[in-house]
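> Okay, here's what each chain looks like letter by letter:
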Amino acid sequence: AQTVTQSQPEMSVQEAETVTLSCTYDTSESDYYLFWYKQPPSRQMILVIRQEAYKQQNATENRFSVNFQKAAKSFSLKISDSQLGDAAMYFCAYRRVYGGATNKLIFGTGTLLAVQP
Amino acid sequence: DTAVSQTPKYLVTQMGNDKSIKCEQNLGHDTMYWYKQDSKKFLKIMFSYNNKELIINETVPNRFSPKSPDKAHLNLHINSLELGDSAVYFCASSQSGFQPQHFGDGTRLSIL
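Residue numbers (my numbering), protein chains in the order written: chain A, 4 to 120; chain B, 33 to 144.
The set of hints was computed from the structure by calculation and includes no laboratory data.
One thing to keep in mind: the hints can contain errors.
[What the hints assert, rightly or not] Label pairs and their computed distance ranges (CB to CB):
(1) B:A35 with A:N65: 17 to 25 Å
(2) A:E18 with B:S52: 21 to 29 Å
(3) A:K81 with B:K73: 30 to 38 Å
(4) B:T91 with A:Q59: 24 to 32 Å
(5) B:V44 with A:L87: 30 to 38 Å
(6) B:H105 with A:T105: 15 to 23 Å
(7) A:E18 with B:H105: 22 to 30 Å
(8) B:S128 with A:Q17: 20 to 28 Å
[Stated by the list, open to error] Looking from chain A toward chain B, a few residues come up when the C-beta cut is under 8 Å (computed):
(9) F38
(10) R53
(11) M92
(12) K107
(13) T112
Since this is a predicted model, take the numbers as computed values, not measurements.
Each residue gets a CB set at the ideal place from its N, CA and C atoms; glycine is no exception.
Make a model of the complete structure from these sequences and hints.
Listed below in C-alpha cells is the structure:
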C-alpha cells in the first residue's frame, strides 16, 4: 500500500523569504501523480501544484515549485517570496495513474506553515 | 459559479440522530468522492462513485451510506451518529479519476 509522510508538523518563514516543505512517499509503482494542496483557515482545499512521475522536469506554478526526486521518493515544495496569504496547512498527496475511478488521493499528515510579517 | 458545493457548511446535532450532507458539482465530472478530515487534520477517503456506481468503499461503518442520484450529486447519509463522527467531511470530484480532484468547502459535523 502506498503511504505519504510529511515529517514537519509545523514550519515558520519570514515574509518575502523562501521555505521548503518536505514530503516522502512509498510506492512500488512507476507511474503516479503527486500533489500539494493548501488548506487555509477557511478550510478550503486548494490545489497548489501537481507532478506526473514520468516527467523529469520539476513542476512550477508562479512562486511555487517542487523538487521531485523519483529515486529517493521525495517531493518537496518550495515557496519563494512568501506572503502572508501563504499561511495555511499544506498537504502532500499521492494518486495512482492506473485504475481510473479507483484513484483515491492518499494524503500526508500535513505541515502547518506560519508566515511572520 | 461554485464548482463543488456542499450543504450544510456546519451541522451540530446530538448523538443518535440521523443526518445527511449533500454535494453537487457543476464541472461535468463523472467521479465524486467523500473524504473525512479528523480532529488532527488527517484526510482519508471514504467513498467514490463513478457514473452513479460505487467504486471505492473504504473501511467505513455501515451507518454511513452514500447515494448518488445522478453524476452531478453525491449525498452522504449518516445513521445513529456517534461522538467519533465529529469531523469535517469533504466532497470532491474529478473526471474519470485521472484529472486533479476539486474539493468542496467541507461540512463541519459536531456531535454533542
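> Against the structure shown, which of the earlier numbered hints fail to hold, in ascending order?
Structure breaks hints 2, 3, 4, 7, 8.
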